[in-house]
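Going down the list, the protein sequences come from chains A and B. Following the working numbering, the numbering of the first sequence begins with 39 at its first residue and continues without gaps. Following the working numbering, the numbering of the second sequence begins with 154 at its first residue and continues without gaps.
Since the hints were made in silico from the structure, they are not lab data. Any given hint might turn out to be false.
The calculated DSS-like cross-link candidates involving lysine-lysine, where the alpha carbons are at most 30 Å apart (straight line), are [said to hold, decoys possible]:
| no. | chain 1 | residue 1 | chain 2 | residue 2 |
| --- | --- | --- | --- | --- |
| 1 | A | K237 | A | K226 |
| 2 | B | K285 | A | K237 |
| 3 | A | K146 | A | K266 |
| 4 | A | K322 | B | K330 |
| 5 | B | K282 | A | K322 |
| 6 | A | K146 | A | K322 |
| 7 | B | K330 | A | K100 |
| 8 | A | K237 | A | K146 |
Facing chain A, from chain B, some residues (calculated, C-beta under 8 Å) [stated by the list, open to error]:
| no. | residue |
| --- | --- |
| 9 | L209 |
| 10 | P210 |
| 11 | M211 |
| 12 | F264 |
| 13 | I464 |
Here the structure is a predicted model, which is why all the values come from computation and not from measurement. Just so it is clear, CB atoms sit at the ideal spot from N, CA and C, and this is done for glycine as well.
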Amino acid sequence: MARKQSVRYYDSPGSRAFDIANVLLLTGLAIVTVLPLLYVLAGSFASESEISSRPFFLWPQKFVTSTYQYIFSTDTFVRALLTTICVTAVGTVVQLLLTLTMAYPLAKRYLPGRALVLNLVIFTLVFSGGMIPTYLVVRDLGLLDNYLALILPLAINPFYLIVVKSFFQELPEALEEAARIDGCNELKVFWWIVLPLSKPIIATFSLFYAVAIWNDYMSPLLYIDDSKKWTLQIIVRQLTAANADSANVLQQLETVSFPEQGLKFAVVVVATLPILLFYPFLQKHFAKGVLIGSVKE
Amino acid sequence: MATDLAPNQVVPPAAEVKQAPPRKPRRPLGRELLRYRWLYVMLLPGLAYFALFKYLPMYGLTIAFKDYVPFLGYSGSQWVGLEHFRELFTGPDFGRLMFNTLLLALLTIVFVFPAPIVVALMLNELRMKVLKRSVQSLIYIPHFLSWTIVASLTYLLFSVDFGVIAGWVHSLAGGPKVDYVAQAGWFRPLIVLQLLWKQTGWGTIIYLAALAGVDSQLYEAARVDGAGRWRQFWHITLPAIQPTIVVMAILTSGHLMDSGFEQIWLMTTSLNRDVADVFDTFVYYVGITQGSFSYATAVGLFKGVIGVVLIFGSNRLAKRLGQRGLF
């Protein structure tokens with residue numbers, strides 16, 4: 039009955055027109071969203087002359103890899119890529135460990151002092167010392183030009199911490215209790231019972247943290263002066279900014295000809311690729327993470 | 154039990170005697186600490202983090218009232234009271250910073266805030282599930298790209314050298330080629346465009362979740378009552394996501410003064426600084442580039458205080474309008 043009615047009303051001319059327009063608009067939106075990325079990908083495999091002569095293309099006339107060969111032959115780019123990979127890997131582990139170990143005791147409602155700590159954490163979501171005082175703390179700790187400056191100041195995202203804490207609170211207390219009766223201390227309970235149960239949330243937040251470090255531009259801008267310690271995002275910026283001096287950035291001072299425009303495309307692709315490769319996993323977990331986060335305490 | 158009562162008190166009927174809740178055995182604090190020692194040990198690294206990188210900088214805000222000299226330290230530097238704030242409010246930059254910051258915020262509210270709501274509602278009306286999922290997958294992508302990448306893409310598409318769009322406009326409209334990236338007049342449109350591209354798709358998630366939670370019986374009942382598609386939308390769908398819109402509006406207005414440092418900074422050139430400078434980037438220029446730590450901290454503190462006022466203010470406003478609010 040209801041079904042029949044719904045079919046009839048959906049078939050009204052106005053409704054059909056809306057459906058068609060809706061499908062077209064959303065398809066158009068999706069295409070417009072990815073077109074710039076496809077263009078850059080195509081451009082990175084095109085020759086220098088093709089980039090400057092053809093206005094827009096999604097497939098290069100002549101498929102060349104010389105741009106990639108060039109950027110991977112420069113020390114600066116390779117070093118930045120390796121640096122970024124290492125900082126992202128180490129940083130994710132450190133940040134995840136700190137977040138998980140702090141969230142676990144905060145999930146125990148009976149723990150004296152818990153409310154105070156939670157309020158201190160929540161307050162940092164509303165108010166912070168800001169850029170300069172944080173910079174001064176990092177400087178006073180002697181972390182300028184140190185990779186730790188890219189990891190430690192962002193080690194715990196208070197928002198993620200609260201989400202993980204809420205997740206731990208949902209875990210069945212009975213399991214932990216059983217382990218405690220068997221003589222496990224809290225550390226062992228955490229390691230052997232709680233962490234194995236938390237695999238989905240660990241996956242979610244390791245991706246959260248990894249993407250944040252990989253994409254971070256402000257921290258290296260603030261804390262890293264030494265061009266030998268530049269990260270990928272800084273290199274991308276240096277090469278593609280309006281007034282970029284590509285030869286100088288890559289410290290390729292001999293006047294060999296190099297793909298000046300093409301390398302802009304190629305570095306963007308290299309800096310984007312890891313994220314797009316992980317994207318199928320990211321999407322699944324991130325969407326979940328956002329929704330967990332939207333649950334009020 | 155009865156012996157506890159004063160002699161002249163009427164003894165209530167037995168059924169009404171409420172058993173006092175069992176009092177929590179109060180243990181001495183020391184024993185509590187000992188009992189939960191491992192939990193406290195686990196708390197320590199996190200506490201150290203918050204102390205060092207969140208609360209120590211808050212203490213560092215005191216240099217906004219001092220003439221901070223690095224080698225004298227926080228406490229040794231000379232106290233100057235509100236001097237830096239007077240400099241900020243009476244200086245030549247304040248009006249421009251405030252105008253740029255607020256105009257960007259206004260543009261964000263008008264163009265960027267409603268976009269995910271509209272797209273989510275459109276996706277919600279889509280009956281081809283495969284298409285819906287494909288569109289979602291594609292429009293989420295930009296959210297994961299860094300601002301550096303977004304700025305680079307903007308440059309590759311809009312700059313005069315070989316920007317695709319600059320070229321198109323040139324061939325269609327004729328006239329001299331426009332360098333959109335360098336021109337001050339195109340700064341704000343490009344910022345809005347970047348925000349739309351990067352955040353619209355992702356922003357739909359929270360609204361789609363709210364829409365998925367609507368009881369389908371409501372629609373069936375409305376249909377039985379003869380409501381057409383438009384009326385169902387107006388009377389069921391829209392009210393269903395209204396609380397979500399309010400919460401998102403509160404969150405957005407709490408960040409009116411945050412222009413997004415990375416985005417603005419990456420799009421700032423020597424030609425558009427007049428329209429590009431906002432509080433966030435100004436703090437960086439003054440503090441890091443010029444080394445005026447105290448003045449920059451004062452600017453940052455001013456911005457932070459406004460942010461707190463905004464978030465509490467909008468929350469109260471939402472409550473007064475009969476919404477649930479955030480806290």
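**Q.** Hint consistency between K237/A and K226/A [alpha-carbon to alpha-carbon, up to 30 Å]
**A.** holds (17 Å)
Q | Satisfaction of the P210/B interface hint, Cβ to chain A closer than 8 Å | A | holds (3 Å)
Q: So, L209/B near chain A? Judge it on the closest CB pair being under 8 Å.
A: Where the cut-off is 8 Å and the nearest Cβ of chain A is about 5 Å from L209/B, the hint holds.
Q) Is K322/A close enough to K330/B, meaning Cα to Cα at most 30 Å? A) violated (43 Å)
Q | Holds or violated: K146/A to K322/A, with C-alpha atoms at most 30 Å apart | A | holds (29 Å)
Q: Classify the hint on F264/B as holds or violated, based on whether any CB of chain A lies nearer than 8 Å to its CB.
A: This interface hint is violated because 15 Å lies over the 8 Å limit.
Q.
Under 8 Å is the threshold here; is the Cβ of I464/B close enough to any Cβ of chain A for the hint to stand?
A. At about 6 Å, which falls below the 8 Å cut-off, the nearest Cβ of chain A leaves the hint on I464/B intact, so it holds.
Q: So, M211/B near chain A? Judge it on the closest CB pair being under 8 Å.
A: holds (5 Å)
Q: Given the hint that K146/A pairs with K266/A, test it: the Cα-Cα distance must not exceed 30 Å.
A: violated (45 Å)
Q: Compare the distance between the alpha carbons of K330/B and K100/A with 30 Å, and conclude whether the hinted pair is satisfied.
A: holds (28 Å)
Q.
Holds or violated: K282/B and K322/A, Cα atoms, limit 30 Å.
A. Holds: K282/B and K322/A sit about 17 Å apart, inside 30 Å.
Q: Take the C-alpha atoms of K285/B and K237/A, compute the straight-line distance between them, and say whether it is at most 30 Å.
A: With a Cα-Cα distance of about 29 Å, the restraint between K285/B and K237/A holds, given a limit of 30 Å.
Violated hints, in rising order: 3, 4 and 12; the structure is consistent with all others.
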